[in-house]
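Could you slot chain A onto chain B? The hints should help.
There are 2 protein chains.
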Amino acid sequence: MENGFRHTAIVGAGLVGCGWAVTFALAGSTVTLYDERAEARQNLPERLRGMLDDLEKAGLANHTAEAFSRMRVCETLAQALDGADYVQESVFERVEVKATVSKDIGALIGPQTIVGSSSSGIPASAFTQEVPKRERFLIAHPVNPPHLAPVVELVPAPWTAPDVVLTVRHALAAMGKVPVEVRREIEGFILNRLQGALLNEAWALYEEGYASIEDIDATVSHGLGLRWAFMGPFETIDLNAPGGVADYAERLAPLYHSIALSRTEPRGWSADLIRRVTEERRQSLPLEKIPERSAWRDRRLAALVAHLRAQDRADRN
Amino acid sequence: MENGFRHTAIVGAGLVGCGWAVTFALAGSTVTLYDERAEARQNLPERLRGMLDDLEKAGLANHTAEAFSRMRVCETLAQALDGADYVQESVFERVEVKATVSKDIGALIGPQTIVGSSSSGIPASAFTQEVPKRERFLIAHPVNPPHLAPVVELVPAPWTAPDVVLTVRHALAAMGKVPVEVRREIEGFILNRLQGALLNEAWALYEEGYASIEDIDATVSHGLGLRWAFMGPFETIDLNAPGGVADYAERLAPLYHSIALSRTEPRGWSADLIRRVTEERRQSLPLEKIPERSAWRDRRLAALVAHLRAQDRADRN
Numbered sequence: 001m002e003n004g005f006r007h008t009a010i011v012g013a014g015l016v017g018c019g020w021a022v023t024f025a026l027a028g029s030t031v032t033l034y035d036e037r038a039e040a041r042q043n044l045p046e047r048l049r050g051m052l053d054d055l056e057k058a059g060l061a062n063h064t065a066e067a068f069s070r071m072r073v074c075e076t077l078a079q080a081l082d083g084a085d086y087v088q089e090s091v092f093e094r095v096e097v098k099a100t101v102s103k104d105i106g107a108l109i110g111p112q113t114i115v116g117s118s119s120s121g122i123p124a125s126a127f128t129q130e131v132p133k134r135e136r137f138l139i140a141h142p143v144n145p146p147h148l149a150p151v152v153e154l155v156p157a158p159w160t161a162p163d164v165v166l167t168v169r170h171a172l173a174a175m176g177k178v179p180v181e182v183r184r185e186i187e188g189f190i191l192n193r194l195q196g197a198l199l200n201e202a203w204a205l206y207e208e209g210y211a212s213i214e215d216i217d218a219t220v221s222h223g224l225g226l227r228w229a230f231m232g233p234f235e236t237i238d239l240n241a242p243g244g245v246a247d248y249a250e251r252l253a254p255l256y257h258s259i260a261l262s263r264t265e266p267r268g269w270s271a272d273l274i275r276r277v278t279e280e281r282r283q284s285l286p287l288e289k290i291p292e293r294s295a296w297r298d299r300r301l302a303a304l305v306a307h308l309r310a311q312d313r314a315d316r317n
Numbered sequence: 001m002e003n004g005f006r007h008t009a010i011v012g013a014g015l016v017g018c019g020w021a022v023t024f025a026l027a028g029s030t031v032t033l034y035d036e037r038a039e040a041r042q043n044l045p046e047r048l049r050g051m052l053d054d055l056e057k058a059g060l061a062n063h064t065a066e067a068f069s070r071m072r073v074c075e076t077l078a079q080a081l082d083g084a085d086y087v088q089e090s091v092f093e094r095v096e097v098k099a100t101v102s103k104d105i106g107a108l109i110g111p112q113t114i115v116g117s118s119s120s121g122i123p124a125s126a127f128t129q130e131v132p133k134r135e136r137f138l139i140a141h142p143v144n145p146p147h148l149a150p151v152v153e154l155v156p157a158p159w160t161a162p163d164v165v166l167t168v169r170h171a172l173a174a175m176g177k178v179p180v181e182v183r184r185e186i187e188g189f190i191l192n193r194l195q196g197a198l199l200n201e202a203w204a205l206y207e208e209g210y211a212s213i214e215d216i217d218a219t220v221s222h223g224l225g226l227r228w229a230f231m232g233p234f235e236t237i238d239l240n241a242p243g244g245v246a247d248y249a250e251r252l253a254p255l256y257h258s259i260a261l262s263r264t265e266p267r268g269w270s271a272d273l274i275r276r277v278t279e280e281r282r283q284s285l286p287l288e289k290i291p292e293r294s295a296w297r298d299r300r301l302a303a304l305v306a307h308l309r310a311q312d313r314a315d316r317n
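Those protein sequence lines, which keep their order, are chains B and A. Letter by letter, the first sequence follows residues 1 to 317 of the UniProt record's numbering. Letter by letter, the second sequence follows residues 1 to 317 of the UniProt record's numbering.
Just so you know, the hints here were simulated from the structure itself, not pulled from any lab data. Do not rely on the hints blindly, as some may be mistaken.
Because identical chains cannot be distinguished in the list, a pair is counted as satisfied if it fits within a single copy or across any two copies.
What the hints assert, rightly or not - Under the rule of at most 25 Å between Cα atoms (straight-line distance), these lysine to aspartate or glutamate pairs were calculated in the DMTMM-like manner: (1) Lys289 x Glu250; (2) Lys103 x Glu36; (3) Lys289 x Asp312; (4) Lys289 x Asp247.
Bear in mind that the values here come from a model prediction, so they are computed numbers and not experimental data.
This is chain B alone, in the form it adopts within the complex (with noise of 0.2 Å):
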């Protein structure tokens, strides 16, 4: 695989670990997958297979099953990482579990070797501190699941060598992936603090009574996310105005400032609209019926994603 990793571990085999040993695999890497649960660890190759399944079903993948024999289940963490020149880290997300794990990991690799975590919002610099060979370690956090949506967002803690952070763009650049770096530490990194700054407005919004939870959702899915689909939010206003963003700016700055200020005292989630959003949300959809909606989101994606590849292929002809 040009310029990509040539054998991959996966430690932490959920659903986000098992998104990327596919993601891997199927870009020609060796692929070892370590998960301290054995339960988890035996049900791994039918899960893997059924992966590889759908997204040669949508379209997504080919040779499916040489992307398949090219991984393989370990029983220990040291048999996972012996020979990986990268490491995708994807245990469970609390500080403490992380510390602990990649402290074994810094202890077992070798010098050459780079350690992503799939870490959403906790900093490497927040588990990393005391771990062996730190300095290869970062953030690779994807958005779920990492088979389907191409964006890894790649954080540095302070003690991250630079070039672990370009090793690991490239690679993942030329597996097809679409890296965005992110400079410096900062909470929720930059895909959480997007999503949570519409977020803050949008329960802001349900809570005042402007609209039902319905109502804001039809206005991202069948207005603002349209766009934001095939372009960035930058781009989307640049090419809102017939003099670009300066012209968007002078005409809509002040709206936007004026936005920000009627929001100076978050309140936060309290429970009560929890409670609320939790009633109405349920009356669209019972809590039984979250399995079944998300494999239609996942099916739902995966033609989505399949759409946009075509459109960018047929943009470059």
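Just chain A now, kept in the frame of chain B:
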């Protein structure tokens, strides 16, 4: 047209007005158009024909010749309004311009006619207070371009008759649009408040040097925006935890509250920041390429809407 409008008058026939005209004509309504600029009126037939052709090419419309034959450009406002049961006003977004044209419209319409304004941020109470039949006026704010994006925000003024909102909601839904109801006036309505919240965070992250504009854009267009193209933000988080939104909120509400607390002193978009953003955007896309890229956006948006409609149809079968 079942429960839709029989005869729609379009007042102000720029990009937004033309998008509306095509939308109503395709839904079976007779459409009269008026624009006070004689030169705009002259070019209208060609422009409308072009929009219909593009929709047909994208697989989003058929019978476009019939739709075209239902549209008629008028030389006076009175001619355009004569016999209309619905008026969509899309003149320049300045409060005094909207006030003047609304007064003219109010003086000419019959008692059963409804008037929706395409205003994207100015509430109806700011320009219909002195208008004859003001209880028949409301905001009907589309996303640009209106013939592609389904969502329409309906925002009543305090004096808008409740049945006016209901009638427009039903008529738009019958046409395949997705009307959402903003229950009372608020600056920016829902759509631009949600967009503004995300934009403000994006601009702040750029200002503070956390990431490049290109990487912030990629975080949305290759990550966050993918789910938001077919699910709203509430459904997204409801499906992102096994126990639904309550489970999600328990884990992530503290993070999002903390993010909100870090943004309680909004600086707005300073002139210097606008200059830096503009420079970085102009390196990605020179100013003279904006029209070409905007045409690309409309093609991609049309293709995405066609994809989403096909998926919705498949879901229903």
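Subject >> 25 Å Cα threshold - placement of Glu36 relative to Lys103 >> reply: within (15 Å within a copy, 72 Å between copies)
Original post:
What label fits Lys289 with Asp312 when the C-alpha limit is 25 Å: within, between, both, or neither?
Top reply: between (34 Å within a copy, 19 Å between copies)
Subject >> Alpha-carbon proximity between Lys289 and Glu250, which holds within one copy, between copies, both or neither at 25 Å >> reply: between (47 Å within a copy, 20 Å between copies)
Original post:
For the identical chains here, do Lys289 and Asp247 meet the 25 Å Cα criterion within one copy, between copies, both, or neither?
Top reply: Intra 46 Å, inter 15 Å, cutoff 25 Å: inter-copy only.
Checked against the numbered hints listed earlier, the structure breaks none of them; every hint is satisfied.
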